[in-house]
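Q: If you want the building blocks of each chain, they are given just below.
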Amino acid sequence: MNNSLFGFEINVWLDALARLGLIVGVMTVVAMGLIYGERKILARFQQRVGPQKTGPFGLLQSVADAVKLVGKEDLRPNAADPWTFELAPYFVFIPIFLGFVSLPFLLDVNIRLLELGLLYFIAVSSVNIVGWVMAGWGSDNRYAMIGGMRAAAQAISYELPLVLSLVTVAMLAGSLNLKDIVEGQANVPYVALLPLAFVVFFISTLAEMNRPPFDIPIGESEVVGGPFVEYSGIRWSMFMLGEYASLWILSVLTAAVFLGGYSWPFGEDFGKGYQLVLMAAKSGIFIFLVFWVRASIPRLRIDQLMSYSWKILLPLSLVQVLVVGFVQVYELPDAFLTVAGVGGLLALVSITGRAVASSRRLPGAARTMRSEAV
Amino acid sequence: MVASPQHEFETQDLLINVGPQHPSTHGVFRMVLTIDGEVVKDVVPYIGYLHRGAEKLCETMDFRQGSGFMDRTEYLAAHNAELSYVMAVEALAGLEVPERAQWIRMILCELNRLSSHFMFLGAFGIDVGVFGTPFIYAWREREAIIDLFEEISGDRMMYAYFRPGGLAWDVPLNFKERVREVLKSTRQGIKDFDELLTQNEIFRARTEGVGTISAEDAIDWGMSGPSIRASGVPLDVRREEPYLKYADVDWDVITGENGDVFDRYYCRLLEMRESVKIIEQCLERLESGIIVPDKMPRMLRAAPGEVYIRTEAPRGEYGIYMVSKGGNRPYRLKVRSACLSNLQALRQMSVDQYVADAILVLGSIDIVLSEVDR
Amino acid sequence: MRGIAKSLMVTLSTFARKPVTRDYPNYHRELPERDRAFPLLLWDKEVDEPFCTGCHACERACPVECMTVLMKDNPNHKSTGGNSSRRKIIDKFWIDYARCMRCNVCVEVCNFDAIAMNNTWQGHELSVHDRKDLVMDLQQLLSLSHGGGIKEWVPVVGQANEQ
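Top to bottom, those sequences are chains A, B and C.
Per the working numbering, the first sequence runs over residues 1 to 374.
Per the working numbering, the second sequence runs over residues 1 to 374.
Per the working numbering, the third sequence runs over residues 1 to 163.
Just so you know, these hints were derived from the structure itself, not from any lab.
Heads up, a few of these hints could be off.
What the hints assert, rightly or not - Straight-line alpha carbon distances no greater than 35 Å define the calculated DSBU-like cross-link-like pairs of lysine-lysine that follow:
| no. | chain 1 | residue 1 | chain 2 | residue 2 |
| --- | --- | --- | --- | --- |
| 1 | A | LYS40 | B | LYS295 |
| 2 | C | LYS45 | A | LYS53 |
| 3 | B | LYS191 | A | LYS40 |
| 4 | A | LYS68 | C | LYS151 |
| 5 | A | LYS53 | C | LYS18 |
| 6 | C | LYS78 | B | LYS176 |
| 7 | A | LYS311 | C | LYS6 |
| 8 | B | LYS176 | A | LYS53 |
| 9 | C | LYS18 | B | LYS191 |
Just so it is clear, the structure is predicted and the values come from calculations on it, not from any experiment.
In isolation and in its complexed conformation, chain A is listed as follows (with noise of 0.2 Å):
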């Protein structure tokens, strides 16, 4: 059987090598490419600049980080279980990279387009909780093993609400093929339509992708890197990678289900060099916002990041789902999502304010806190 490659006609199987290929090597480089971003970019937030000696601008940071890794010892503890110690990291990115394979990126560019694209990605992308409760138990540390558990927790917690808002992004679309989905959108992205289950979605994959505020697994100030904190050299870096890829591929698919894609506005019709652009905006804001969160927002202890996902943002997904079905069984007008969008947004806007603050009033000028003067 012959495919063709960039109109090539070649042999199925060099096809498909080629397209791994062509993952490990977009992958690689967009996740260096996002380190160094992110460095740049909290520098600013934080009013200072961020790497600027290695090469221009400093763009061959994350180039220097990468030699300087490859070439420190790697060191195992001698109790780690040798197995999933050795294992952890290509089970933590592999999944992630093989996310990549279903991601529609311009208008017939991407690895391999599937009927269930959607269910596809889910499904691999969650097998790299795996991957870090393996190492959190494979490397014979307390830390590790907290970390680990932590993590497993978290992700399991945020699976659903991740998965509901998809759900009925696939019900408006009709279909989990990634294309038809994105195509579906070229008059109203999604984000128009579902404004509740986008935001749910957004905090879903920060906790997903263990980003702060809900990086309590690897929570730098406690347990010193979580799972990875016996990982060093090459294992830590695959690490790394797989956090930063991961940030790549949810920004993109974000980008596909909600904001349009390469098709909303008039994708279609302006061939490929808009369709990129506009594409690297919408991930770019996407990526922009996670960065910004990290730099702004304290982290969330385990119980109040589960009892968050549990108690507010499933059920307000379920409702979301719900109100999905009874518009398209009853064939009420779009306007209708909308408006039950933005209510659900509200309220789960002013359920979060109300459930983490407690009963004790804000402090002003005339305070809870006593003040005795002369």
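We have chain A; now place chains B and C onto it with these hints.
A: Relative to chain A, chains B and C alone:
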């Protein structure tokens, strides 16, 4: 580890070593947590990693050299440490400090309180989980204050500026303008912190109700400073036994109600505003004059006797107990360390809380290990 | 959510401000006049010899005992045909910068204003590969002042500003 399980479903408590090298222990401090799942059952602190025999060394230093040494017992609030020492020497030698020196001492002590509290805010922000942003803001504000100190005494952290009788040398001629400049940027910095952390719902959820200690227990443990004022006890040495000119300026003692981590944080923030008020009043009342008494002997000798002088360091009541047998060096110098007394209450405040909260409690007591260990 | 939105606004406003980073070592900020690095000895240009007479006052006053001082008869003294009024002059002087705690006491006790704290960047940039290289001898201590590269600040202890 605790006794081995007799029944296969019994759980064991885990011993976690938050070791001397740890990003969140604010110095070389070790505590061993016994945890059951995520709940802390016991805390055993280990101190002494920074013990340098400071009290014994001071017996070999005459009163002129001692100032430079007392800086190092509390390096974040060095002016306050020097102040207690020189006040003790002045009491023993019967020196009277001129007005101008007193006002300048007060300004510098309050500026040092500001810089120390900024350091607390920065480190606390890291403990709570905001990556780096509060810490960088804190250092930006401290930079302005420390640059001013460098222009006055020559050093950024170990000043050796207060001498028995007054000051080592006079301040530069542009002192008042410089202090007003520093206060302007400090006000903005306090506002930044207030907006970044205080009303943040996640921050409030992390810190409210955590690490509570009642007023009676705090008094029993001998706590002092903002840690006890947050529990509702209006104890401030500047109000109880006014030294310098604190009785002549108008300022409030900030107390809280609940004695939890949030109150300790917020007490310190409000205290910073009070410090700014105090400094402004001092600047207005500062006039030209002498800075040491006339006829100061070249080599100061103290009369035989003993004295205990206490001042309000940023962390609590910093006391110097000095015994002199005549001569130009103390016979015995004992430092009553605020941080050590505050640290005793750590266990009571941390049990039955989560691990993450134990870290927060340690951060909120605001210890600096050089004072704990001397 | 208002508090979280406020935090986000604070960091966003910081994004717009100019970074406070100074690009050391390409840029050295100006040190204040009173900056206190490590001690060095001063050169008397009129008589072309060090101010220091080796009187041991600083050596005795140092809290950490980081100095070693040796004096000798001054060959440049008026009695032997020179132009200096110093009977004794410094022969050998070592300061161990690794022990010095920069407390300024040596500067204050010196009767001849012969020792001062280095207030230039050279005083701060002292990295060496071997700790023995931090013990400075007389030549090294005199070199900066002899070359005229320092405008030292010697305080008069206890003197108030005339305002």
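Q: Take the hints in turn and mark each one as holding or not.
A: Against the structure, the hints:
This hinted pair does not check out: LYS40(A) and LYS295(B) have alpha carbons roughly 59 Å apart, beyond 35 Å. Distance restraint check for LYS45(C) and LYS53(A): the Cα-Cα separation of roughly 43 Å exceeds the 35 Å cut-off, and the hinted pair is therefore not satisfied. The straight-line distance between the Cα atoms of LYS191(B) and LYS40(A) is roughly 25 Å, inside the 35 Å bound, and the hint therefore holds. For the given pair, LYS68(A) sits about 44 Å from LYS151(C) by alpha-carbon distance, which is inconsistent with the 35 Å threshold.
Of the pairs offered as hints, the one joining LYS53(A) and LYS18(C) holds, with about 19 Å between alpha carbons and a cut-off of 35 Å not exceeded. For the proposed pair LYS78(C) and LYS176(B), the alpha carbon gap of about 49 Å is over 35 Å, so the pair is violated. Of the pairs offered as hints, the one joining LYS311(A) and LYS6(C) holds, with about 25 Å between alpha carbons and a cut-off of 35 Å not exceeded. With a CA separation close to 39 Å, the supplied pair LYS176(B) and LYS53(A) exceeds the 35 Å bound.
A threshold of 35 Å between alpha carbons decides the hint, and for LYS18(C) with LYS191(B) the separation of about 18 Å falls inside it, so the pair holds.
Consistency note: the structure conflicts with the earlier hints numbered 1, 2, 4, 6 and 8.
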